[in-house]
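Asks: Residues per chain are reported as follows:
There are 2 protein chains.
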Amino acid sequence: MARIKLTLAYDGTDFSGWQLQPRDRTVQGEVESCLARILGAKTRVHGSGRTDAGVHAVGQVAHFDCPDERADLPWLRALNATLPPDVRVVDATPVSGEFHARYSARSKTYEYVLWHEPGFCLPQRRRFVWACGPVDFSAMEAAAGVLLGEHDFATFQNVGTPVKSTVRTLTRLSRGPGASPQESVWRFEADGFLKQMVRNVMGCLVACGRGKLAPRDVRSLLSAGDRSAAPATAPPQGLTLIGPEYGWSDSCDNQDNNCP
Amino acid sequence: MARIKLTLAYDGTDFSGWQLQPRDRTVQGEVESCLARILGAKTRVHGSGRTDAGVHAVGQVAHFDCPDERADLPWLRALNATLPPDVRVVDATPVSGEFHARYSARSKTYEYVLWHEPGFCLPQRRRFVWACGPVDFSAMEAAAGVLLGEHDFATFQNVGTPVKSTVRTLTRLSRGPGASPQESVWRFEADGFLKQMVRNVMGCLVACGRGKLAPRDVRSLLSAGDRSAAPATAPPQGLTLIGPEYGWSDSCDNQDNNCP
Numbered sequence: 055m056a057r058i059k060l061t062l063a064y065d066g067t068d069f070s071g072w073q074l075q076p077r078d079r080t081v082q083g084e085v086e087s088c089l090a091r092i093l094g095a096k097t098r099v100h101g102s103g104r105t106d107a108g109v110h111a112v113g114q115v116a117h118f119d120c121p122d123e124r125a126d127l128p129w130l131r132a133l134n135a136t137l138p139p140d141v142r143v144v145d146a147t148p149v150s151g152e153f154h155a156r157y158s159a160r161s162k163t164y165e166y167v168l169w170h171e172p173g174f175c176l177p178q179r180r181r182f183v184w185a186c187g188p189v190d191f192s193a194m195e196a197a198a199g200v201l202l203g204e205h206d207f208a209t210f211q212n213v214g215t216p217v218k219s220t221v222r223t224l225t226r227l228s229r230g231p232g233a234s235p236q237e238s239v240w241r242f243e244a245d246g247f248l249k250q251m252v253r254n255v256m257g258c259l260v261a262c263g264r265g266k267l268a269p270r271d272v273r274s275l276l277s278a279g280d281r282s283a284a285p286a287t288a289p290p291q292g293l294t295l296i297g298p299e300y301g302w303s304d305s306c307d308n309q310d311n312n313c314p
Numbered sequence: 055m056a057r058i059k060l061t062l063a064y065d066g067t068d069f070s071g072w073q074l075q076p077r078d079r080t081v082q083g084e085v086e087s088c089l090a091r092i093l094g095a096k097t098r099v100h101g102s103g104r105t106d107a108g109v110h111a112v113g114q115v116a117h118f119d120c121p122d123e124r125a126d127l128p129w130l131r132a133l134n135a136t137l138p139p140d141v142r143v144v145d146a147t148p149v150s151g152e153f154h155a156r157y158s159a160r161s162k163t164y165e166y167v168l169w170h171e172p173g174f175c176l177p178q179r180r181r182f183v184w185a186c187g188p189v190d191f192s193a194m195e196a197a198a199g200v201l202l203g204e205h206d207f208a209t210f211q212n213v214g215t216p217v218k219s220t221v222r223t224l225t226r227l228s229r230g231p232g233a234s235p236q237e238s239v240w241r242f243e244a245d246g247f248l249k250q251m252v253r254n255v256m257g258c259l260v261a262c263g264r265g266k267l268a269p270r271d272v273r274s275l276l277s278a279g280d281r282s283a284a285p286a287t288a289p290p291q292g293l294t295l296i297g298p299e300y301g302w303s304d305s306c307d308n309q310d311n312n313c314p
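The listed protein sequences correspond, in order, to chains D and X.
Number 150 in this note's numbering belongs to position 96 of the first sequence; there are no gaps in the numbering.
Number 183 in this note's numbering belongs to position 129 of the second sequence; there are no gaps in the numbering.
One thing to keep in mind: the hints can contain errors.
[To be verified] If you want the footprint, here are the derived chain D segments under chain X, 3+ residues with CB under 8 angstroms: (1) 58-68; (2) 140-150; (3) 176-183; (4) 255-265.
[As the list claims (entries may be wrong)] Pair ranges (Cβ atoms, derived): (5) Asp78/D - Asp119/X: 45 to 53 angstroms; (6) Gly230/D - Leu127/X: 33 to 41 angstroms; (7) Lys96/D - Ala90/X: 39 to 47 angstroms; (8) Arg160/X - Ala196/D: 43 to 51 angstroms; (9) Gln73/X - Ala135/D: 51 to 59 angstroms; (10) Arg241/X - Gly199/D: 23 to 31 angstroms; (11) Thr225/D - Thr223/X: 39 to 47 angstroms; (12) Asp190/D - Arg160/X: 38 to 46 angstroms; (13) Thr136/X - Gly94/D: 46 to 54 angstroms; (14) Thr225/X - Ala125/D: 34 to 42 angstroms; (15) Arg77/X - Ala268/D: 36 to 44 angstroms; (16) Ala135/D - Arg160/X: 54 to 62 angstroms.
Just so you know, the hints here were simulated from the structure itself, not pulled from any lab data.
For each residue, glycine too, the CB sits at the ideal point set by N, CA and C.
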């Protein structure tokens, strides 16, 4: 069997998230039925992780296995010819059988976009921003500083599949300029994220930015480990998975490198 | 009666254009029914000009008249509370009765966005770009140079309401950077545009960029005045009306200036 690594972009608006579901339209479901048509056999696609309903991606990574004689298919073209327009293959590369989209990931990056103009949200941007209105960036950045580094992020985890540990290392939480002066972009990088962690942290930062929570209270919220005491989850449409990062040896391309 | 000037933004994807139509969903139709609900009377909205089905706007201008005692309504808030999310009022200002959204306009600006990556179009951008693939910018810019200035643009006019003259002055047709390295933005400024003129010119520029038409042939196409000899109309979704421009005396704000 040959292993193919896919990089995928999707507009999450009309998807019930990444993960396969019996009745709802999901990204994994669309990619798997597309592969089944091309390969003539049910094919499991392994993503780097789930994204929630309404959350977007520009660099989601997934892998699948196919018979060796199909490895050379022009996968990007073949998949994009069959997939619906709200999901696209950005890159398709044969990889070593050692590579695993989820387990080989060393870290992951997300971006969350806020819209600050109080009177209106530009219709062209409404599916990609949280129109939270005016906020105090310095309060938000002070709160972000509290969360940077290694912590038990149980406060910012929603109920879901149990995980071994809720300790994660947030290596970056910084603000950048948006596509327009009315927007700000918040970049999150960590070795991994708990369920809805980015949206829960974002909800907390915006509460600080609105003066409803003091940045110093974020420290006690974090230590309490109590989700119910923290501000509400930010809406999904502001969030985009930029993508997972892999070490060289995991993601090496069989065609270009001398992988084992 | 008091006159109110509206600046409107819309995502044109789900509209059959600006202009009121008996059965189809249009921007003018949405704004007029919204005003009818607020004012309790049928109210005509005059736009600066039509936009085609699928074409967007960030600064469309329109005006309407209302009884003097309603002039002070918080129009931006009132309209945005009632309008569907794909059309928003960006600004609402009382103006002199001399102001007319269409007849007072001195010039108009449009932008057309191209997507050049051949393998895929980012799903998040698919409603706002023409995925025309790789093109030769220098050939396109040479063709643009031929079209700049005052010309009879009959070649680039689609059949529609007859106009007195097909002579227009194109004061700018320039390329700028896009939201991502895969995009380019083409800015059009003129004293006025004929029906589908921007999309027809764009179709012609892309034909040059693809090597299917030589920039020098654009001059003969222009002089021929024959629409059927020119390349096909560019698709609507790449186009955004930036807005009309008004002279000071036409657009002056009754509240802030000493207008007549």
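Asks: Between the beta carbons of Asp190/D and Arg160/X, is the distance compatible with 38 to 46 angstroms?
Replies: At roughly 41 angstroms between Cβ atoms, Arg160/X and Asp190/D fall inside 38 to 46 angstroms, so the hint holds.
Asks: The stretch 176-183 of chain D covered by chain X? Criterion: 3 or more residues, Cβ-Cβ distance below 8 angstroms.
Replies: holds (count 5)
Asks: Falls inside 23 to 31 angstroms, the C-beta gap from Arg241/X to Gly199/D?
Replies: With a Cβ separation near 41 angstroms, Arg241/X and Gly199/D fall outside 23 to 31 angstroms, so the hint is violated.
Asks: Evaluate the given range 39 to 47 angstroms for the C-beta pair formed by Lys96/D and Ala90/X.
Replies: violated (55 angstroms)
Asks: Taking a Cβ-Cβ distance under 8 angstroms as contact, does the stretch 58-68 of chain D have three or more residues in contact with chain X?
Replies: holds (count 3)
Asks: Falls inside 39 to 47 angstroms, the C-beta gap from Thr225/D to Thr223/X?
Replies: violated (55 angstroms)
Asks: Ala135/D and Arg160/X, beta-carbon distance inside 54 to 62 angstroms?
Replies: violated (47 angstroms)
Asks: Has the hinted range 36 to 44 angstroms been met by the Cβ atoms of Arg77/X and Ala268/D?
Replies: violated (55 angstroms)
Asks: Could you see if the CB distance from Gln73/X to Ala135/D stays within 51 to 59 angstroms?
Replies: About 36 angstroms separates the Cβ atoms of Gln73/X and Ala135/D, which means 51 to 59 angstroms is violated.
Asks: Note whether the CB distance of Asp78/D and Asp119/X lies within 45 to 53 angstroms or breaks it.
Replies: holds (49 angstroms)
Asks: Taking beta carbons only, do three or more residues of the stretch 255-265 of chain D come closer than 8 angstroms to chain X?
Replies: Check failed, 0 qualifying residues.
Asks: Between the stretch 140-150 of chain D and chain X, are there enough contacts, at least three residues with CB-CB distance under 8 angstroms, for the coverage claim to hold?
Replies: With 5 residues closer than 8 angstroms to chain X, the stretch 140-150 of chain D meets the three-residue bar; holds.
When each numbered hint is compared with the structure, violations occur for hints 4, 7, 9, 10, 11, 14, 15, 16.
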